[in-house]
Amino acid sequence: MNWEIVIGLEVHTQLSTNTKIFSGASTAFGAEPNTQADAVSIALPGVLPVLNKGAVERAIKFGLATGSHIANRSVFARKNYFYPDLPKGYQISQFDLPVVGQGALTIQVEPLSGNAKPYEKTVRITRAHLEEDAGKSVHGDSQGVTGIDLNRAGTPLLEIVSEPDMSSAAEAVAYAKALHSLVRWIGICDGNMQEGSFRCDVNVSVRKPGQPLGTRREIKNLNSFKFMQQAIDYEVQWQIDTLENGGKIQQATVLFNPDTGETRSMRSKEDAHDYRYFPDPDLLPLEISSEWIERVRGTLPELPQAKQARYVNELGLSAYDAGLLTASRDIAMYFEECLEIAGADKAKICANWIVGDVTSHMNSSGIDLYLNLMGSAGVEICPVSPKQLANLISRIADNTVSNSGAKSIFKTIWLWDIVRNSPPENIVDYIIDRDNLKQVSDSGAIEALVDEIIAANAEKVAEYRSGKDKLFGFFVGLAMKASKGKANPAQLNDILKKKLEG
Amino acid sequence: MIDSSLAQLGAALRAKKISSVELTQNYLDRIAQLNPKLNAFITVNPEISLAQARAADARLAAGSAETLTGIPIAQKDIFCAKGWLTTCGSKMLHNFVSPYDAHVIAQFNNAGAINLGKTNMDEFAMGSSNETSHYGPVKNPWDTARVPGGSSGGTAAAVAARLCAAATGTDTGGSIRQPAALCGISGLKPTYGVCSRYGMIAFASSLDQAGPMGRSAEDLALMLNVMAGFDERDSTSLQRDKEDYTRGLNKPLNGLRIGLPKEFFAEGMGADVAKAVESAITEYKKLGATIVDISLPNSKLSVPVYYVLAPAEASSNLSRFDGVRYGYRAPEYTDLADMYEKSRAQGFGAEVKRRIMIGTYVLSHGYYDAYYLQAQKIRRLIAQDFTEAYKQCDVIMGPTSPSTAFKLGEKGDDPVQMYLSDIYTIAVNLAGLPGMSIPCGFGDNNMPVGLQIIGNYFDEARMLNVAHQYQLATDWHSRAPQGL
Amino acid sequence: MSLNSADVEKVARLARLAMDEQELQAAQTQLNNIFGLIAEMQAVDTKGIDPMSHAQDLAQRLREDVVTETNQREAFQAIAPQVEQGLYLVPQVIE
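Protein chains in written order, with my numbering: chain A, 1 to 502; chain B, 1 to 484; chain C, 1 to 95.
Chain A with its partners taken away, still in its complex shape:
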């Protein structure tokens, strides 16, 4: 493949404020049409915008979390165009002087196919600016009419623009996922893609190595990472095919159709691009002092990269595990809560259980632990609480149960019907008792058991002693059966080995 792919992302994140960016109307999701569309939202004659402090604070948080330049002075500009979901006939946005300038996001990329290993990449952020969201078009039953709901009009958005630093669908998706995780992490956006809180536009172009940038097409309004990957793959192939057949790429805005898996150019709006930007005379320049920035810095939680480093350096986790545990703040909080109860020395085993059993149970239940579309589900709805997991880990560490015993306890808690049967305070001990899962760690008892088995299987013992090492498993199986699975496996192995050696 001798084509280079060049991808940049523009991500619109709805900020998690209570009210709109320029008026005191509520931004709560799901209200009846136009019941949260105040005079400013419907652009009655004579109304004026006043800026929401919460929106600015969230922009500052984003700037801090990405090491970006935060402008001391930024300006709001009008982007003029006509559309029924844009009541003023212009969108208040930022043009020349955005609130956040250059920054970067370091991501972990997992190649989507082939045997390549995951790798790290830094994607540069060009800018992030504040603007207002438009309303919604509702295509109803009536023929030839569209309904307009302006509840969403005026919701604060932070538009995050990246440099065209990505060169594959895998990198684009990894960047989008990392950004998604970050905005949720710092609490500026709920990331609910189904509700439209996090919308990605992807700019794609191709070129031969060494050649200048090709003409790009923009895939708009992707609200799922899976669709993003499919859309990019299709678009890249389409552009390559077009160029290889002697065609030219026209700049266009395209939509992805999930049913067909294809991207299609939108109806052309030739003069739609003359937005006639000019500074909004109804708003004064936004000034952000260094004192304010420092105050906001103090409210930020420990950021993913710092946490990851701490997990590796102080807790001894692998970089890979640390990465998985910091994929979202929910997971990290789950891990840390568990650790608080179980003890810092249990870090590795806690990590293993979360990355292992918790994840696989979540996956089989159909909940994507790390990146789910519902925005706030995930570890928060895991049926096993951090405290319960910590208790379980303690019982493994003190040899009360074996690993396999623990797995069965975990499953029991997972499936516990909390509606019919209120779970006891210490559910782990309760289940150990009820299901008789205490493992036998009494070496005397195990020795006695092993003696019996050796005595009853003299032929096999002789075969083992003559070199058939594989028979070891046979003896382990017998011992496990005889002890009804309760023999401490580590101890059993030691004792069995010693006695079989003779």
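Bear in mind the hints are in silico, worked out from the structure with no lab data behind them.
Please read these numbers as outputs of a predicted model, since none were measured by experiment.
Please note: incorrect hints may appear among the correct ones.
Below, a list of computed lysine-lysine pairs in the DSSO-like style, where the Cα atoms sit at most 30 Å apart [what the hints assert, rightly or not]: (1) B:Lys-91 with C:Lys-10; (2) A:Lys-136 with B:Lys-82; (3) A:Lys-136 with C:Lys-10.
Since chain A is already given, all that's left is putting chains B and C on it; use the hints.
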């Protein structure tokens, strides 16, 4: 009674010599009688006004009245008033009954003033003669074959004909001062940001200001006391300590330095206007003022700068008028684009469409730097000229308008001619300074002449003092058109 | 700067103003006259001058993030040209 000042009316109401209902009914009767001739009012709602008057009388009886309680005030139809048809002089809003009150309207309501009716105006405040209104031109009470000026022509005519005790106007390039001059009344445009713009239908956001129009500086001061003040819903509204604009009215003018810009006394001004203005200056010298010759070198560029900036902002402000959520929607259209294009083409008048086109063009791709940005830079130069001038003088004076009221239809075909009527007033809006016009005599055809007084930022109290002292020594402001 | 008829048509379309041939021609003449008025502004040397967007050199005031507006749909839609089930209706929008 119709010749009484606001202070006199207030005293009479409080002394129970007259009730608010009687006063209001009196004005309503005059409107019914004279408005067909002048077309100063677009909307009158006698029931609502009288209901307000009854409430005012109750307040007066209870002793909780304020200065303007019970006094009927006319409101320019650019202010959204809840439950009132608010047209902005346009077909586009022919059916717009506002669901909310502008801040200025609310201030008057809280003060207990009576909303006497909505006055006629140039469509969307674009004009200098009140001839662009969809609801027909307004006639100058001094000569009904002539224009009253604009855009606050309806207000100026209503005040001059004493169809109200006082009224509100708005001023973007001279729309309070010029009609005040042409109708022989007083009008004030405050410093930008002193009055809230919330609910005042926007023309050019960085230039628009609300202001009082009345028959004396004293009346303007009382009006401004009610109109001015911070409003949290307007980001350009200024947070300042509350002022009593009457506080300085009676100061003597000894030592007052009056700057006369040479650019305001050059050619272009009618000889009759020059004569009246010069007599006024002579009067001020008698009152103790000294004259300083100053220059505002960049003021000659104010008209071209204004006719780039104001249409640019207006073209954007008027984009919300699309027939979707309120206002005029074309009765027939084929699709969405057609609905927009027809609703706007049919709903807007010719002058408005012209300015939207100019504004759209100067903002469009490739022209922004040469026009819009350039105009904003020159704007700063114009403002700087004033700052320099105020180092040498306290107030600046000159004619308000180059001529007295012209005939209806006289400047019809050539917009540029009409634009040049604003030559003395525009620079004040560009700088954001306060400006006022008071009557200072009569010119050709016995039509009124206005003297413009321009103050430094936030110097309204001094300007009103300067005007008031002149009005104590002269009686131009007390004259009224014959037969009305 | 002189506008030709294509310029005028483009501006009218950008501004969503329907115009017939006659109106476009009249607009072209009038606009060119007005641009004649504006022309003298172009020649002025403004190097180094800061554009003036606002009368006062102040910063934007910020509003606390607290809900202050209530549902006024009924009052607002009473004056709307066409509504159904709480939605403003327009001719179908095709993407």
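Okay, which hints does this one fail, numbers in order? none
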